[in-house]
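Participant: All chains should be built: construct the whole structure from the sequences, respecting the hints.
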Amino acid sequence: MGDLTAKLLVLGGGPGGYTAAVRAGQLGVDTILVEQGSLGGTCLNIGCIPSKALIHVAAEYAAAAEAAKASPFGLRLGAPSLDLDATMAWKDGIVGRLNAGVATLLKGAGVRSLQGRGRMLDGKTCRVETDTGPQTIRAEHVLLATGSEPVELPALPFGGRVLSSTGALSLAALPERLAVVGAGYIGLELGMAFARLGVQVTMVEAADRILPGWDAELTRPVLRAMDRLGMALLTGAAARGLTPDGTALRVATGDGGEQVVPTELVLVAVGRRPRTQGFGLEGLDLTMDGAFLRIDARCATSMRNVWAVGDITPGPMLAHRAMAQGHMVAEIVAGARRAFDAVAIPAICFTGPEVVSVGLAPAEARRAVPEVRIGQYPFSANGRALTEAEEEGFVRVVARADSHLVLGIQAVGAGVSELAAGFALALEMGARLEDIAATVHAHPTRGEALQEAALRALGQSAHGV
Amino acid sequence: MGTRVVKMPDIGEGVAEAELVGWHVKVGDVVQEEQPLAEVMTDKATVEIPSPVGGTVLALGGEVGSRLAVGGELLRIEVPGAPDSAAPAPAQAPPERPREPPRERPQEPRTESPAKSPEATPARPAAPEPRPAAPPSPPRRPAPAPRPAGPPRPPGERPIASPAVRQRAREAGIDLRQLRGSGPAGRILHEDIEAWLRDGGAGPAPAGRAADTRIEEIRVTGLRRRIAERMAEAKRRVAHFSYVEEIDLTALETLRASLNAEAGERPKLTLLPFLIQALVRAVGEFPQMNAHYDDEAEVIRRHGGVHVGIATQTPGGLVVPVLRHAEARDLWDCAAELKRLADAARAGLAAREELSGSTITVTSLGALGGIVSTPVVNRPEVAIIGVNRMAVRPMWMGNAVVPRTMMNLSSSFDHRVVDGYDAAVFIQRIKGLLEMPARIFIGG
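Order-wise, the sequence lines are chains A and B.
For the first sequence, the numbering used here gives the first residue as -12, with consecutive numbering after it.
For the second sequence, the numbering used here gives the first residue as 85, with consecutive numbering after it.
These are computed hints drawn from the structure, not numbers from a lab.
Incorrect hints may have been included.
[Stated by the list, open to error] Simulated restraints, written as ranges between beta carbons of each label pair: (1) R281/A x R242/B: 16 to 26 Å; (2) R285/A x H108/B: 52 to 62 Å; (3) S157/A x E278/B: 50 to 60 Å; (4) G15/A x M315/B: 49 to 59 Å; (5) P303/A x G240/B: 18 to 28 Å; (6) P357/A x G401/B: 49 to 59 Å; (7) P236/B x E358/A: 14 to 24 Å; (8) A388/A x G400/B: 51 to 61 Å; (9) R242/B x P303/A: 10 to 20 Å; (10) L449/B x R285/A: 52 to 62 Å; (11) R242/B x P199/A: 20 to 30 Å; (12) E278/B x D17/A: 36 to 46 Å; (13) P141/A x P236/B: 46 to 56 Å.
Bear in mind that the values here come from a model prediction, so they are computed numbers and not experimental data.
Glycine included, C-beta positions come from ideal geometry on N, C-alpha and C.
Facilitator: And the structure:
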């Protein structure tokens, strides 16, 4: 095979990579995308999408199970049962549709896709091991979008009873008991989903509380929900490994003792690490930022015309950040002047209740500006929340006291992930409390809680104190 | 109470319109009789228009820079206890003109102008339209200058702007940290970017050298506009050709020094009176140089009198006062008249007649005269004599290099009516006279 040439080579077909490739193609940039697995990356294949599918099934199941016991609004159901094979098939069907969708997008944009493991020979040349043999690609620009992978614990290597999030999303049968190491958003989302499906779940977290990246007030409703589901929680605890017979997890507790947690499976979700090894990136001698590739505001690495987006770059490991970066890099390669200057990257935890945070939390805001004004509105005072029988949670607005500029918006409650769009828009537009307060929000919706929170921050709420 | 319309007076023969170059009053001012109201400019003179009556200014007839026809309305004065002036019928006067005041004062909020207008409409019965003062048609844009800049942002704080504004700024190469936002909480709006671009990006100067992209707009009015028009017209119509010759002024300088030493009370002589005297002599032999070429009528008018225009730099720009009948003046008379004209021109006091009617022009930049210049013929004249800098230079005088006081004359002619040969001989004649100055004063 002869060498291929392109203006842009994208290494990695996840959200950052394929978005960049499609956008570049749209802009007339001759682009080649190299992906070793399935298009769509972690997000689409083994992350966001399949986990949300499973979480949805779990929520439906839990609702049915609850209704079978005692429905507050008089619904009478028999005890539900779950055909897990059908669940997995349905989930895989969604993933398959989206895979095909990405391929169609790439094709439509005129991007050449190459399946195989790519290895950078230098800053402009990539050798790809394809099924039909090695292929060398030379490109003017290279975009590194190799993503991240789950961190393994030395005491709990993946395999057998020890699962990564990937394994947990494709179980053949539900275990009776599951231990989840790591109560960050990945571990908690999955742990809670399994708990809702009737699995006895124990969460093991090294920090002193769940979702350590989020403030305690915001996560308290999640903690209460865990309680209701009968999930066990060990905080300040470190997993030491399986017992010799493999039927229990040994956990070092905060008080110095050891606890043995009987379990069939262990899900290790202690974080993800950037995938910077094995693609020849070492040979490029790019400047690093810890384990990540150092980039500037244009996602440029230390080597000219070598760009990086997504999880291999410092910042939250979130698909939407990678997509925004990829979109931007494509436009830069096409000649536009761009910089990544988002005010906020929304973060969501799809537990039940869901948690959303955009911008600064109160404590962060207090460090950033002299004085802060906060307005919080509970869903227990929101009509729509009551009619959905899901009144846990609140919306909270954090603003500067002097200018009323909104610095952050958080929410916890059923369905609040869909409010994230409005939160992010308010922050990006530089909204003041008055802007949100004066925007007419549709009634009856959960979104009204945002307006009410702003009104409360202004001391103008007509609804409740 | 009556309204008196003050019209643009007839301020000179043949003047059909005058340019308004300045107002001495504004709407609402109380003026006395004979108090100057406005300054207008005609062909070359600036004239002050005095108030014919005492009263309160109701309306101004135009903006600075506009041209008003003679007999046109200059302004309106409300005169206590007097009948309305005849021109517009009294009942019609107020509803028309009081619409004008807001235009004169764009910096004031629109809502204030109606407060003044009711005084102007005392006799007006209740009209179906409540407010004549605020016509809805042209939405008045606020002047760009007093745009609210918004509060300054503490250093290091991130500018607040929507994604679209940020992208636009990036594409325009604007660093938003340099802008103040006029939006709520100091938010930078699209309008702020527009204002920034319009104002050329005035902001805190970055350290070190920086490109200054400011553009200052200066309206070309008054004398400058007149100069611009005349220069362009001269260059467009006259077929210029220039001729440079060097003159040995050693003898003349000796004579001038000697005369000045004995001048006593009289003003010191400069080179110019000598040049004018030589010019008068030369023109006697070359009458085609002391002429007007009326190119529209296709007539050349040779003048008997030598009226020498003296191009003079004034604070307002170039003016050309005229030394009239140089042929009838002796050297000292010439010198005195030159001084008087220059003083008057620089003080802006030159009368209209003193600024027009020249038949040939002399232009001199004195010490800034340079080596060569290419003067622009003062149309409809056909010749202009340019004086360059005088300097002592080494000259070859037959058998030795000797220091001589030398000066160039750079002259331009209208080649349509002056042949090159004639012009050259004319200048050679002047050269001969200046190099042997006694011949200037010896008849025949």
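Participant: Quick check: does the Cβ-Cβ distance between R281/A and R242/B fall within 16 to 26 Å?
Facilitator: 21 Å Cβ-Cβ, so the 16 to 26 Å window holds.
Participant: Starting from the hint 20 to 30 Å, judge whether the C-beta atoms of R242/B and P199/A obey it.
Facilitator: Check passed, 26 Å falls within 20 to 30 Å.
Participant: With 49 to 59 Å as the target window, see if G15/A and M315/B comply at their CB atoms.
Facilitator: holds (52 Å)
Participant: Indicate whether the distance between the beta carbons of P303/A and G240/B respects the range 18 to 28 Å.
Facilitator: Hint holds: Cβ distance 23 Å, inside 18 to 28 Å.
Participant: Assuming the hint says 14 to 24 Å, is it satisfied by the Cβ distance from P236/B to E358/A or not?
Facilitator: holds (18 Å)
Participant: Is it true that the C-beta distance of A388/A to G400/B lies inside 51 to 61 Å, as the hint says?
Facilitator: With a Cβ separation near 57 Å, A388/A and G400/B satisfy 51 to 61 Å, so the hint holds.
Participant: Do the beta carbons of S157/A and E278/B sit within 50 to 60 Å of each other?
Facilitator: holds (56 Å)
Participant: Given a hinted range of 52 to 62 Å, is it respected by the beta-carbon distance of L449/B and R285/A?
Facilitator: holds (56 Å)
Participant: Falls inside 46 to 56 Å, the C-beta gap from P141/A to P236/B?
Facilitator: Hint holds: Cβ distance 54 Å, inside 46 to 56 Å.
Participant: Note whether the CB distance of P357/A and G401/B lies within 49 to 59 Å or breaks it.
Facilitator: Roughly 56 Å apart at Cβ, these two residues keep to the hinted range, so it holds.
Participant: Taking 10 to 20 Å as the hint, is the beta-carbon distance of R242/B and P303/A inside that range?
Facilitator: With a Cβ separation near 18 Å, R242/B and P303/A satisfy 10 to 20 Å, so the hint holds.
Participant: That 36 to 46 Å hint for E278/B and D17/A (C-beta), does it hold up?
Facilitator: holds (37 Å)
Consistency with the previously given hints is maintained throughout, with no hint failing.
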